[in-house]
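Protein chains in written order, with the numbering used here: chain Z, 1 to 471; chain U, 1 to 471.
Treat the hints as calculated values from the structure; they're not laboratory data. Hints may contain errors.
To be verified - Under the rule of at most 30 Å between Cα atoms (straight-line distance), these lysine-lysine pairs were calculated in the DSSO-like manner: (1) K256/Z / K120/Z; (2) K256/Z / K407/U; (3) K334/U / K256/Z; (4) K304/U / K286/Z; (5) K345/U / K407/U.
As the list claims (entries may be wrong) - Here are some chain U residues the structure puts well away from chain Z; computed CB gaps all over 10 Å: (6) T71; (7) R131; (8) W180; (9) S202; (10) T214; (11) R239; (12) R250; (13) K286; (14) E327; (15) V432; (16) H450.
Glycine included, every Cβ here is placed at the ideal spot set by N, Cα and C.
2 protein chains.
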Amino acid sequence: MIKQSRHDFDSLLNPKSIAIFGSFKEGIFGGYPAVRQLQSFGFSGKIYPINPRYNEVLGIKVYPSVNEIPTAVDLAVIMTAATTVPEIMEQCAKRGIKAAVVVSDGFAERNEEGAELQRKFVDIAKKAGMRIIGPNTAGIVNIKEGFALGAYECGYEKIKKGTISFITQTGIIALQAVPWADFPYGINKFIDLGNKCDVDESELLEYLGNDPETKVISLYLEGIKDGQRFLKAAKEITRRKPVLVLKSGRTKEAAKAIVSHTGSLAGDDQVFDSACQQANIIRVSKWNELFDFAKILAYQPLPKGNRLGILSCTGGVATMLIDTAAEWGLTIAKLSAESSDQLKKLFPPAWGANPIDWGIPTAYMPDKWFPFYQQALETLLKDDNIDCIANVIWIDPFGSSVDAYTKLAEELQGTLTKPIATWIYSPSSSHVMELSYRLESLGFPVFHDHETAAKALGIMFRYSTIKDNSL
Amino acid sequence: MIKQSRHDFDSLLNPKSIAIFGSFKEGIFGGYPAVRQLQSFGFSGKIYPINPRYNEVLGIKVYPSVNEIPTAVDLAVIMTAATTVPEIMEQCAKRGIKAAVVVSDGFAERNEEGAELQRKFVDIAKKAGMRIIGPNTAGIVNIKEGFALGAYECGYEKIKKGTISFITQTGIIALQAVPWADFPYGINKFIDLGNKCDVDESELLEYLGNDPETKVISLYLEGIKDGQRFLKAAKEITRRKPVLVLKSGRTKEAAKAIVSHTGSLAGDDQVFDSACQQANIIRVSKWNELFDFAKILAYQPLPKGNRLGILSCTGGVATMLIDTAAEWGLTIAKLSAESSDQLKKLFPPAWGANPIDWGIPTAYMPDKWFPFYQQALETLLKDDNIDCIANVIWIDPFGSSVDAYTKLAEELQGTLTKPIATWIYSPSSSHVMELSYRLESLGFPVFHDHETAAKALGIMFRYSTIKDNSL
């Protein structure tokens, strides 16, 4: 375990009382939506809006200054114009507040004048022993505590609680940018680091490494402040839980863009790549993979080996899927003699081997094919020669199998000893969406394409060889 | 131009009269849905169902045999048990029918007995000069003629007519497997070659190369029967229209699976890869890319160079997008002095350079930010230093900008001289779906992730260097 105490960041990620500096005019940006969201997500701590020009917002008192707040304050949230931040930080320091989230932008990421303002408030905070996330952060969310802090109105009231946490340095992983409320699977925390004037990815990684609520950590990074510390933490944490990283700035062109929008340096990509390998970080190459691979790692058991069983409706899909699976280190399992015999009995002319092409019985026995699919899946689940399953589902035009697939998933939920990655196709998009939502709600991840489903299983296998199962 | 006449395949792809051999019992597989779909898609030719056990199906007469049909027949569609196919082929040959689509399976893809049956009916057809698509095909569709031939019920009545055509050898590109009716953009033809006992990908490629209705050709292949002919055709056609190929069997594991499900050989993948490069085929690596890149190539103008302009709401997205764009040969454009000045006037502290981060004005001016987005986009469209545009759209939680984006797309429709690839994000999935549908209906392709949007523009640029603009 990393020595850092679990409580170091509690004022930032799990505060019991918050002072919010901003505008409380009804609108989609600033203090107003910040308060509304904390209320609707059920934040149980105290909220103290601060602005001398308001008396009340959303049913709670607005204080003219931080000095008037009657109780202790864990966290200051600052969402005012950049030029006002040093003065506010000074007030917070005097009041004994130990942590701040600075949402305001216009600092080091903007120009030299902004960089100077940033140095100024950081100095004040450092002298007072305050910790800061930001500036230029879009917010922090800790679902369990109802601590949903965002600068923008997100339009929803709740996110399903789960075990995936995100660290990021872009406003794109924030309340207003991702349809979190539409996710059928659960999320734990997400933190936008912004300009990282103080708290950085290494410290937060250490924190989440020790966080019992977090089972999978996904990071989007543009640069790393302390590479040694980050990799040391990752190496230790990845023995216990997977760490996924998407790092941009692979190309010279993107590295240049990073300097201009966050003021940080991307570093040499090949060095970073080999460091990731050494630290057992799963480096992903696409934005959606940060979510896709996190969901399968969080909600499905790890495979015990790399032998893939495939249930498919057409040979074509199975073939495409096998290409990706093989590229990611999986082999096509040979069914046990027992499984093979069982399947041959079920549908003699076409079955008995892996991949199992259950499209054939659908053609001949449209009214009664679901039991065939179910028995084929159950055979793969029982077969000791199979470590993981790619599950290609077809839904007929009328959606008549949607309930049957759902019922089967309900029966299987909690019983799995090997992972299942699902891809669904159908002549009806709405059936695909409906069943995807239901299956993911039950913990069975569904992927946008069959290649990603196959790669997800490859990632699961890779992580199974990294994880220290004795821990 | 390839010498083959446009009319060679008219009996297969544009028949005026069809005899359908199958079961006409109401259900989701066989002759019944085949007739229903031809009717609902508005097939204007004659339909002659053939089966001695029926008198009538869906309001039309069923004939006891092909001999009773009163008029000439262009095409026989055979969807009966494998063992009956040689005899039916014999009857068709005698009746003078010149083309057949054999939907039935259980031939070379199944076992040696099936292969023998296949040889038998192919012999009969060859002697009579008949051309065959199949066996083991899921069907053929030619939207313009309402010729929607599928063995399975698809549940919808219409597909939007467009200029993208598909050639495939899997039932996965067929009426019942893809939500074609939900596509906002148009499709022209799709043909599942099945076992390719006669007509193969080369002939069809030549046909579509000369087809004035088809602007983009997408192929999914597992093997190629006549590599020389295929590449020769492709080399000639790609000067005029783009040819996208997804070929599975890249890995040994998948090549093995291909033998077992279609009986064809995958061949050496590296050889195929370099052949594609020589023939200017765009080889794609994922299933969805067959659709994604086809839609931008079909519905957006080609870029004149590789200089990318980016409109984004967050620096993070722009950075990730730039990585992919640079990997696909695009450079980040430098705005003209005029554009830069205009943008600086619009929003002094943050604008004036590419990427244009229009997230900043959204934060400060939530009520009036749309005109800023619009002016920024229009500036990129006018700037001669910009060849293509990556357009990152954010929709607020209430969807209040969906109509404004739609209106702007309506205004721009038909005026573009450079391509725009769009990615949309929002805290609401339903807004993303709604606006994606509207924009694609207007010819502005939207991608599932920003990396694919960037890659799509890279593919557009690559094709612009291939196309012979003097033709």
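Outcome of the hint check:
1. K256/Z / K120/Z: Roughly 26 Å between the alpha carbons, so the hint for K256/Z and K120/Z holds.
2. K256/Z / K407/U: Judged against 30 Å, a Cα distance of about 34 Å means the pair is violated.
3. K334/U / K256/Z: 13 Å, holds
4. K304/U / K286/Z: It holds: about 28 Å lies between the C-alpha atoms, which stays within 30 Å.
5. K345/U / K407/U: 25 Å, holds
6. T71: Holds: least Cβ distance 31 Å, greater than 10 Å.
7. R131: Consistent with the label, R131/U stays out of reach of chain Z, its closest Cβ about 23 Å off (over 10 Å).
8. W180: 7 Å, violated
9. S202: At about 19 Å from chain Z, S202/U clears the 10 Å cut-off, so the statement holds.
10. T214: 22 Å, holds
11. R239: 29 Å, holds
12. R250: 5 Å, violated
13. K286: At about 5 Å from chain Z, K286/U fails to clear the 10 Å cut-off, so the statement is violated.
14. E327: Nearest chain Z Cβ is 6 Å from E327/U, so the label is violated.
15. V432: At about 7 Å from chain Z, V432/U fails to clear the 10 Å cut-off, so the statement is violated.
16. H450: 6 Å, violated
In this structure, the hints that do not hold are numbers 2, 8, 12, 13, 14, 15, 16, in rising order.
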